[in-house]
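Participant: Spelled out, the chains give:
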Amino acid sequence: MRYMLLIHHDENDLGDPDRLNEIYAGWAAFNAALAKAAGAAPGERMEPASKATTVRVRDGRTGIVDGPYSDTKEQLGGYFFIEAESLEKAVEWAELCPASKYGAVEIRPIVPPGRDY
Amino acid sequence: MADAARRAAERAARDSYGRLLAFLAARTRDVAGAEDALAEAFASALQSWPEQGVPANPDAWLLTVARRRQADAHRRRLTRQAGEGHLTLMREELDEIAMTPDAIPDRRLALMFACAHPHIEPAMRSPLILQTVLGLTAADIGAAFLVPAGTMGQRLVRAKTRIGQMGIGFEIPDAADLPARLDAVLDAIYAAYAKGWTDPAGEDGGQLAEEAIWLGRLVVSLLPDAPEAKGMLALMHYSHARRAARRDAGGAYVPLERQDTALWDLDAIGAAEALLHAASRGGPTGRCQIEAAIQSAHIARRLSGRDNWPAILQLYDILLGMTGSPVVLLNRAAALAAVEGPHAALASLAPLAGDKRMLDYQPYWALRGHLLAETGDRAGAHEALTLAMGLSADPAVRRWLGARRAALQDG
Numbered sequence: 001m002r003y004m005l006l007i008h009h010d011e012n013d014l015g016d017p018d019r020l021n022e023i024y025a026g027w028a029a030f031n032a033a034l035a036k037a038a039g040a041a042p043g044e045r046m047e048p049a050s051k052a053t054t055v056r057v058r059d060g061r062t063g064i065v066d067g068p069y070s071d072t073k074e075q076l077g078g079y080f081f082i083e084a085e086s087l088e089k090a091v092e093w094a095e096l097c098p099a100s101k102y103g104a105v106e107i108r109p110i111v112p113p114g115r116d117y
Numbered sequence: 118m119a120d121a122a123r124r125a126a127e128r129a130a131r132d133s134y135g136r137l138l139a140f141l142a143a144r145t146r147d148v149a150g151a152e153d154a155l156a157e158a159f160a161s162a163l164q165s166w167p168e169q170g171v172p173a174n175p176d177a178w179l180l181t182v183a184r185r186r187q188a189d190a191h192r193r194r195l196t197r198q199a200g201e202g203h204l205t206l207m208r209e210e211l212d213e214i215a216m217t218p219d220a221i222p223d224r225r226l227a228l229m230f231a232c233a234h235p236h237i238e239p240a241m242r243s244p245l246i247l248q249t250v251l252g253l254t255a256a257d258i259g260a261a262f263l264v265p266a267g268t269m270g271q272r273l274v275r276a277k278t279r280i281g282q283m284g285i286g287f288e289i290p291d292a293a294d295l296p297a298r299l300d301a302v303l304d305a306i307y308a309a310y311a312k313g314w315t316d317p318a319g320e321d322g323g324q325l326a327e328e329a330i331w332l333g334r335l336v337v338s339l340l341p342d343a344p345e346a347k348g349m350l351a352l353m354h355y356s357h358a359r360r361a362a363r364r365d366a367g368g369a370y371v372p373l374e375r376q377d378t379a380l381w382d383l384d385a386i387g388a389a390e391a392l393l394h395a396a397s398r399g400g401p402t403g404r405c406q407i408e409a410a411i412q413s414a415h416i417a418r419r420l421s422g423r424d425n426w427p428a429i430l431q432l433y434d435i436l437l438g439m440t441g442s443p444v445v446l447l448n449r450a451a452a453l454a455a456v457e458g459p460h461a462a463l464a465s466l467a468p469l470a471g472d473k474r475m476l477d478y479q480p481y482w483a484l485r486g487h488l489l490a491e492t493g494d495r496a497g498a499h500e501a502l503t504l505a506m507g508l509s510a511d512p513a514v515r516r517w518l519g520a521r522r523a524a525l526q527d528g
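For the protein sequence lines, the chains are B and F, in the order given. First residue of the first sequence? That's 1 in my numbering, and the numbers climb one at a time after it. First residue of the second sequence? That's 118 in my numbering, and the numbers climb one at a time after it.
I should point out that these hints are in silico values taken from the structure, not numbers from a laboratory. What you are looking at is a predicted structure, and each value in this text was computed from that prediction instead of being measured. Keep in mind that a hint or two might mislead.
[Unchecked claim] Which chain F residues face chain B? A few, computed with CB under 8 Å, are given here:
no., residue
1, 476
2, 477
3, 510
Yeah, the Cβ is synthetic: ideal placement off N, Cα and C, and Gly gets one too.
In isolation and in its complexed conformation, chain B is listed as follows (with noise of 0.2 Å):
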């Protein structure tokens, strides 16, 4: 099963500022954990949600808005793709991603190609 795993956290409270080499190898530790692992591939992060852009079209016309989609205080901060064959698996993969110490990691299955529902 595939699974993307989304990243959300406060960008005001990224980890203990005393420890951000720290946080930053563990980072570097996990992108090349997923580099090799199969099926999986290696995380992207996101700029600030302050430089994100909305678009909605209706009735033909387009409105872009300045932010994020939803205005919370934990924004969408990056993503990454892991192939496991069970939600545990998953878990591991989101226990591991340093995110989940500072933040959230939410893990979402992928429809599989070829389910039409």
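Got chain B sorted already, so can you dock chain F onto it with the hints?
Facilitator: For chain F alone, kept in the frame of chain B given last:
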């Protein structure tokens, strides 16, 4: 002390609960129904026994409360005319055992065999035993097994339904089937222990490890002629004996070779040695006994300071012949490195190079990194140690690997 008394009271409540549940479920094959019948009584026992003390006859206490609650439920349900047959049956069973609460046959072993039946999904066997025999909640089990409580609850319900639907019997398998079926029970108990042992936080996990040891003792007491059960209990005791030594004062990971042996629990080691000795006199040698013998040899080396790696390597050879498992191959390579050096050990890992399961298996990369560093391959060691760090959920282990990686530059 108050904490110890609380634990003892909880222990007594779980002991009684498991025995009553096993008895009811074995009669009706309705595990969920038996749980319903005992749920409220067990909950009040968990609440009141730690405060008011364990009653003189714990089984009778639980039965009285369960019968009273069930009579209430029965009256409520009668007005709705639903599930009446099921409730009547369960009530009759309760009434019957209440006549002789001192002589309730212990069917917990049969219950464990049902929970670890080949028709039950292997990953669910351990959670099922923890819930039925010990009365742990789906939330507690889910937390230990890294599964959301709701998901764990649903899976437990499905597994219990399966026991009823597939007509899985509550019985001790006969001699021909016993070794294989017992392996499944022992695996399930050991899985609970391993979850407790590897849990980085160590608090809830530590409790789960103790529950597993308790289950191991229960199996040994109910099946005194099975050497493998003793082997598995010995294995858990050996690991548990070293619990306090695996972290230093700052919380950093300490590998076996550097552990302070003064922190080892010699009583637990003694209990393990006695069990292993009894097991080896008791019949054919199984996997758990070999693994326990390996633990025993590691402990003897550290305590005596005498090199016994060749003996450990021989034990791993036997284990590898029995299981063919990649995990055993990996552990054998660590022993081989101590006997013949890192090049031989790396060469022995060749069969795993194409194994996809190794790609995200932390111990594989940690060992490779360690061995490559010893051969002087700094780039290879750096890559493997980085991967091992990325695959370590435990921050203490990650820091330890990071320190080894940093040492590559100096070495």
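Participant: Given residue 476/F as an interface hint, is the shortest Cβ-Cβ distance to chain B below 8 Å?
Facilitator: Cβ of residue 476/F sits 5 Å from chain B, so the hint holds.
Participant: Against chain B, run the beta carbon of residue 510/F and see if the smallest gap drops under 8 Å.
Facilitator: holds, 5 Å
Participant: Holds or violated: the hint that residue 477/F contacts chain B, with Cβ atoms closer than 8 Å.
Facilitator: Holds, about 4 Å.
Going down the numbered hints, you'll see the structure goes against none, and every one checks out.
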